[in-house]
Amino acid sequence: MKALPPVIAPGHTFATVTDKISAIVLTRRTSLGWWLGFAVAFALANVLLVSVGYLIAVGVGVWGINHPVAWGFAIVNFVWWIGIGHAGTLISAILLLFKQTWRTSINRFAEAMTLFAVACAGLFPILHLGRPWLGYWLFPYANTMDVWPQFRSPLVWDVFAVSTYATVSLLFWFVGLIPDLATLRDRSESRAGRIIYGALAMGWRGSAHHWHRYETAYLLLAGLATPLVVSVHTIVSFDFAISVIPGWHATIFPPYFVAGAIYSGFAMVLTLAIPIRKVYGLHDFITDRHLNNMAKILLVTGLIVAYGYMIEAFMAWYSANTYEVYMMRNRMSGPYRHLYLALLFCNVLTPQFLWSKKVRTNALILFVISLIVNVGMWLERFVIVITSLHRDFLPSSWGRYEPTMWDWGTYVGTIGLFLALLFLFLRFLPMISIFEMRTLVPDGRPDDATVRLKPDTAAGLEASR
Amino acid sequence: MSSLKPDNAPEFWRTLAEKDGANLGELVGDEFASRLPGTFDQVERRAFLKLMGASLALAGMAGCTRQPPEQILPYVRQPETIIPGKPLSYATAMTLGGRATGILVESHEGRPTKIEGNPSHPASLGATDVFAQAALLDLYDPDRMQTLSHVGEILPWSAFIGAMRTVMTSQHATKGAGLRILTETVCSPTLAAQIEDVLARFPAAVWHQWDPGSELNAAAGLRLAAGTDLSAHYNVENAAVIVCLDADFFSCGAGSLRYARQFARRRRPEGAGCRLYAAETTPTPTGAKADHRLPLKPSQVESLARALAVDLGVAGVGRGTALSADAQAWLTAVRADLAAHRGSSLVVAGEAQPAVVHALAHAMNAALGNAGRTVLYTDPIDARPVDHIQSIRDLAAAMAAGHVDTLLIIGGNPVYTAPADLRFAEQMSNVRLRAHLSLHANETSAISHWQIPEAHFLEAWSDARAFDGTVSIVQPLIAPLYGGRSAHEVLAALSDRPERTSYQIVREHWQDGGSTRQDPPYTPRPGVPPNVSRPGLARETRREVDPAFEAFWRRTVHDGVMANTTLPTRAIGPIGAIAAFSASPATPPGGIEIAFRNDPTVHDGRFNNNGWLQELPKPLTHLTWDNAVLVSPATMTRLNGTATPDFTGGERGQIHGSVVEIRYRGRAVRGAMFPVAGHPDDVATLHLGYGRTRTGHVGRDRGFNAGALRTSDALGFGTGAQIALTGDTFPLACVQYHHLMEGRDIIRAVPRAELAALKKEETEFPSIWPVLTDEQEKVADYKWGMSIDLNACNGCSACVVSCQAENNIPVVGKTEVMRGREMHWLRVDSYHQGEIENPKSYFQPVPCMHCETAPCEPVCPVGATVHSSEGLNDMVYNRCVGTRYCSNNCPYKVRRFNFLQYQDWNTPSLMLGRNPDVTVRSRGVMEKCTYCVQRISAGRIQSEREGRTIQDGEVKTACQAVCPTEAIVFGNLNDPNSRVSKLQAEQRDYALLRELNTRPRTTYLAAITEMNPDLATKNGHKP
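Line order of the protein sequences matches chains A and B.
Taking our numbering, I'd label the letters of the first sequence as residues 1 to 465.
Taking our numbering, I'd label the letters of the second sequence as residues 10001 to 11023.
These are computed hints drawn from the structure, not numbers from a lab.
All values reported here derive from a predicted model rather than from experimental measurement.
Check the hints yourself; a few may be wrong.
[To be verified] Label-pair distances were calculated between CB atoms; the ranges are:
| hint | chain 1 | residue 1 | chain 2 | residue 2 | range |
| --- | --- | --- | --- | --- | --- |
| 1 | A | 49 | B | 10665 | 27 to 37 Å |
| 2 | B | 10874 | A | 315 | 30 to 40 Å |
| 3 | A | 30 | B | 10911 | 58 to 68 Å |
| 4 | B | 10911 | A | 405 | 29 to 39 Å |
[As the list claims (entries may be wrong)] Far from chain A, some chain B residues (derived; all Cβ distances over 12 Å):
| hint | residue |
| --- | --- |
| 5 | 10329 |
| 6 | 10830 |
| 7 | 10855 |
Glycine included, C-beta positions come from ideal geometry on N, C-alpha and C.
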């Protein structure tokens, strides 16, 4: 059996690592591909702008929502984006605490992905309000009306969960960036670069004091972020689980949602990492070992999600509750059955290929699988939100939901926003943590005997080129 | 005069095109077409969105401009009765189909805002139908005809008077031979007297009547049976068995409100009971209430009636065609039941059936000894009873022959409603001077020279008779909004005193002794000036008015009914062998039969531009905004037609029906097919009143004109029509397409016999959470609750419109209904039980349940929906940010969201009609039934001022107030003696979805069935 490659290709030194990563930002010419990609993403982001402008001008009625399906794409997309963000936090915080060194080469852009996904997700709960300009009423703030939010509502919990999550993610990402920003400041050849990176580096000089405080702060933030991995999606799942609607009212929701979130998050990391690695030639830093590890997580969480589906169906039958039984039957054979079948295909069947190591280390297949899982997880949220609502208790109120072009515009628009932000990130910030990568090269691990016995680094570097 | 000019030359010309002989109708029509087409269409989403976008773009600029100053001025002389903020109520009456229903109109500072029934009026008893409720919106309709015009030229009223003077001069020589007056059924004694007055001066003039909204066949049938003109009405109080022959008599026609109430009272547990049999074509509310319903082709009803009449011993009746086994079984049971209830049974024939069926029904009633007990006969209610079909035929023939110089059309829309074979529009163009008085510019006014805006009945004085002859004075609530004129004023233009106002005319009529057909309720005394209001009469002479008349007048106007005007009942002679009885009906040809029905919401088309009625789901089909070709599911399958829910809106919004073409006697219409359970096979029901070509923005392009197939010899139904798919589909806005209960415990029904053994169900399930004790719940004086009796509800939907009027609920338009976004706070669901060919249908009004443990409350993040101390589930519009979580979490789905800006904030006339006690909601806000909290508040204020608690029955919700069957009862559950407490203590009380432990304050009373044991098993569906 072929041994898996290490987490960093042999032959790298402090200098090569720094050169290679910072060059993408500082010295390499901006490729035509980047411009093209950014242009497309930016155009899509403008679709969002138009959709949101129209939405605010006219009202949420431009979407397909109705009675009984009063929540539609907005909530589906919110949960989907929030879920995607989870992988970033898991990679950066939990794997850091577990000292999983392989996380180092993917954590920076996974965190960026988290941040951008949360930004996209955060738009929806505000936009979906009938009167979005009053969205701040969900925050507990001192006001002359002497009114507080209604704390029993999971939507208020959401506000706290998501805003905390966004804040911690931003801090974590930014704090992690500081030493690299200083590197960029030092290496930048343009005055603007020196000023901007310099300002952002917040006076980082790399002194031992700095490093000491930095490590402490980073660890603390990781500790803070860790519970968020579990809590945020748990609370998001409460939006559904707290209600009385069959298909929503289920105790399995929190773990099932968390697993689903990590599942979709890792799928998204793979979706992004594989092409980036290819385009920027980062095979040295994002090796097959990384892909393999991520695929394993994908498989495990996929199995948990499949278990969740199974238990949902089982409990519906076991409860012998008319409404639950009908809900499950309706999911499987009602008007939205195709989506449910597609969901099973995407989320249950597809990850089974990951049992094979060959698949796990094949970037192309993995990329396809990750895309399918992304779609599947979106379908899962659609199925949960729509099929539960569209036929609930009184048959007289049964209806259906179909997204309008504005639903699609908003959704596609957030994908555009996400990608546009990602393109900017790739271009202007080091997508891989330089200083952390430096800890992986042999010089960075003086106490690691296995590393020191590796062949000559310079030769290795040449070979890898 | 006509000899001097070629026939078609107009008297005056306006444009060269017209002079050259262009079609006048088109020219006049163009006047309207130029009126900002579509731009301000309230129900056109696209136009709305465009405007919205444009105004948003301009909002920035507009923000810089100063708002125009508005002045608020106090009354200089405060009218004695008007206290700002305190509504007043006035009695008046609404006429439909030539019969009046007494109503009370609430007025806020001179603006009528709500219509209620007049409890002292025999046709109302406090209830109203949907039309009376929606009449308010007609009053404020911005699409009403607003100016008097002659061939497109806006002219003053005096010009019309001048024109009529010319007519009178020119007709003088021929004694009015060229003068024709066309009215609807006239039940106004004053108007009738005016017309008779005109006819007295122009003996050769002819008065025609055509009113498709009135009961033409019923009148003809009674004439056939009795040999003279009479009117009949029913006393359901005495009826233990009722047999309906295609008669929807609980929801259609004069007196239906009264009959429905009497029926519901008999059907209550403590009532004497009443078994209802209905043989009918189109499933109707009456059929749904029937214990045994028999779906029949319309042509078979006569055979059924004949068979029944033969069995009951009516002399000289020939049998019709053979009946099916089902019908035979039904007939056997009905005959036995009727025979067992001589003198306490009732056979009713429906308007769609020909005169002979009505005559048979009267003969059967006579044979059963029901005449005088359950069927009451009086002198005719119509001022001048005529055969309308013959009358309109004569008019069409006279016009075709060129005998008509002047045609004065008082109300109605004959061009649209007249039978198609008369080609009324075409004949009408032969008339040299055509004048039309109308509320709206319609098809008839489009080809009339004089278009006279009609004053709404809430704008003008008049009088009218109810189904039993009771006279009401129609009193206006507001000055004409658009300068409308009443029929009285128009007819006065043909008199020598054209300047008299409606008030003067009506008052003088009664002052002079009123109608000549019976004893005058007020007899003028000699020596007293007869006509106080004659022009020129000085103010001082008014004192000389007979005080007795003044007292009589004031009392009558105040009460809404004129004392001692109810026509005495009279006996009807034996109904013996009539020639029509012996003649056997012809066997209908093959093909399908088409049944024509007045629409349940837009009637014969006169309410076509009324958004409340257009958006009101029609009972059982739940269609809005369009008519459809209603067929049985089996027929639809046979024709390979489909009706499938669209994904947008789905079963609660949008159904795509196959478009079919119906060909009948060389005419064809196209409409979307819609399946209705319980409809007989190979019959298509076509509702009239749609497919209007000239109407306002609301009614434009709705449905198809079934009247295009209707001929004067087949007004009720036609046989031998062809139906074929066209390959197209058409989206229908249907708010409930799924009528199966899916095995859920939604509707309950219990046989009357098992009522005593029924056990009261506990409304609560055990909970792990602490449950408030009764003592804890009694924190406030009041614990509001509601009881809805499924046994009484007949699905008439008056409550829905009443709620809409009371609570300023917007109309959203067809597109939005198709997306599942209609806004009704109260809906009337219907569910079917049993086989699809003939199910038992039930109605269930669903308002907010005001749950004790309301699922909507804990999920609102901003506390916009909260529980009040009196148990109301309050909605705080100001606080609502619109997450819609409450709606998702409501198991009853009674919450309604303003997805877009549905409320019209720009049309001034609509602003007038809103209830000032209820917030007008804006976009992005959730709303729902409040138990009419504004009425509770009003009651509380009143009671606190008087230092007492609110009495039971003092606060009535809008839905409760109009309910003809008293199905909805609201009150204080803390008072064990309140009606609602007693009803909720009844054995058959149950809570909807009680297994969710929401502990709803609104509970239901199970329906009671009174099946005939001989039929119950045969029919299959046991309750």
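- Would you say the C-beta atoms of residue 49 of chain A and residue 10665 of chain B sit inside 27 to 37 Å of each other? 60 Å, violated
- Query: Using the C-beta atoms of residue 10874 of chain B and residue 315 of chain A, is the stated range 30 to 40 Å upheld?
  - Reply: The hint (30 to 40 Å, Cβ to Cβ) holds, given that residue 10874 of chain B and residue 315 of chain A are roughly 35 Å apart.
- Message: Within 29 to 39 Å: is that where the Cβ-Cβ distance between residue 10911 of chain B and residue 405 of chain A falls?
- Response: 34 Å, holds
- Message: Minimum C-beta separation from residue 10329 of chain B to chain A exceeding 12 Å: can you confirm that?
- Response: 31 Å, holds
- Can we confirm that no CB of chain A comes within 12 Å of the CB of residue 10855 of chain B? Its Cβ does come within 12 Å of chain A, the nearest being 5 Å, so this is violated.
- Task: Classify the label on residue 10830 of chain B as holds or violated, using whether its beta-carbon is more than 12 Å from each beta-carbon of chain A.
- Result: Incorrect as stated: the minimum Cβ-Cβ distance to chain A is 8 Å, not above 12 Å.
- Task: Could you see if the CB distance from residue 30 of chain A to residue 10911 of chain B stays within 58 to 68 Å?
- Result: Taking Cβ atoms as reference, residue 30 of chain A and residue 10911 of chain B lie about 60 Å apart, which means the hint holds.
Hint check: violations occur at hints 1, 6, 7; the rest are consistent with the structure.
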